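Could you put the whole structure together from the sequences, leaning on the hints where they help?
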Amino acid sequence: MVVGGSVKEFNPKILIVDDEPNNHRVYERTLESLNLTFVRALSGQQALAIAHRHDFFLILMDVQMPGMDGFEAASLLLDHPKTCHIPVIFITAFARDETFEFKGYSSGAVDYLVKPINEEIVRSKVSVFLELYKEKMRLNHAYSVRKIAEEELRLHKDKLEIIVRERTEELQSTLNNLLGTQDQLVESEKMASLGRLVAGVAHELNTPIGICITASSFLKDENEEVNEAINSEQLTKKKLNKYLASTGQSLEIILANLDRASELISNFKLVAVDVSSEEMREFNLLDYIKRTILSLRPEIRRTCVEVIVSGDESIVVYSNPGAWSQIITNLTLNSLNHGYKNDQPGKILI
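Taken in order, the sequence shown gives residues 4 to 353; the numbers are from this note's numbering.
Worth flagging that the hints you see were computed from the coordinates, not collected in a lab. Note that the coordinates shown come from a computational prediction; the quantities given were computed from them, not determined experimentally. Possibly wrong hints are sitting among the right ones.
What the hints assert, rightly or not - Under the rule of at most 35 Å between Cα atoms (straight-line distance), these lysine-lysine pairs were calculated in the DSBU-like manner:
{"id": "1", "residue 1": "Lys150", "residue 2": "Lys223"}
{"id": "2", "residue 1": "Lys160", "residue 2": "Lys242"}
{"id": "3", "residue 1": "Lys118", "residue 2": "Lys139"}
Written as structure tokens, this is what we have:
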């Protein structure tokens, strides 16, 4: 029995078929140490009815019974799909001979016991079938665990692939739109400034997108490796846990870089709209200047100059943010291009 992902201890059932109640008590006392659940049947007909309602690991069947004898009952059990897997040990008061044994084995028996029974022999033989049954249960449990793990792995992989594909397609589409717009934003000084902004954001997006592609490639290789392990039936719990941990880390890397790219795009949208618009609005001056400098980061990185923005964080102005963006951009780029020689370190304080 499988409960909560483990094999729960239970008392396996054994069916004892004998028309003498005293014999039942003898067998039960003999097998008491094996911790079994004993089920009694006093005839072959009763044994058939009971066997169809329970799962027995073994049947001890008396051969000589009134009405339906043990041979007939065992033969009917063997012919029925619900009971054909249950091993039967015949118990007989007659000495064994080849003809008798052949009839028993033809009826589906796996062994014989001769009355009066030897308690040690009975316990030993029943113990063998008990261990076989327990091993079968362990194998069934292991198979169930593996199927559950494979299904969880498949769902995890499918979900991961969908997330990566959707986010990557979204970013790639945004990047393509930005690059496609770049050539159209050079008609005036205002549009030229926006063009530099687009190029800078596109350049900045290359890093998180590149990391996402690398992580996606790693996930693909990991998926192929685990699929090979599944197909070759070599998928271990340790390997599955390692895969889940590595895919979780890769997903965190992907999501972190997608968030970074999303922030860049959000910042670009705000500044880009302002650059191309004459609309007046209220905005935080220090925060807006920092956003503008952030959009110039690719240009700043080509130099050895550090740009530091500081000031009163509470200043809010009502003005044209696009004009502010143009002024800050032009002043910063002019300072970078003309205020310092090549590779000359310095600072620009705003």
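Verification of the hints:
1. Lys150 / Lys223: holds (22 Å)
2. Lys160 / Lys242: holds (15 Å)
3. Lys118 / Lys139: Measuring from Cα to Cα gives roughly 30 Å; hence the hint holds.
Checked against the numbered hints given earlier, this structure breaks none of them.
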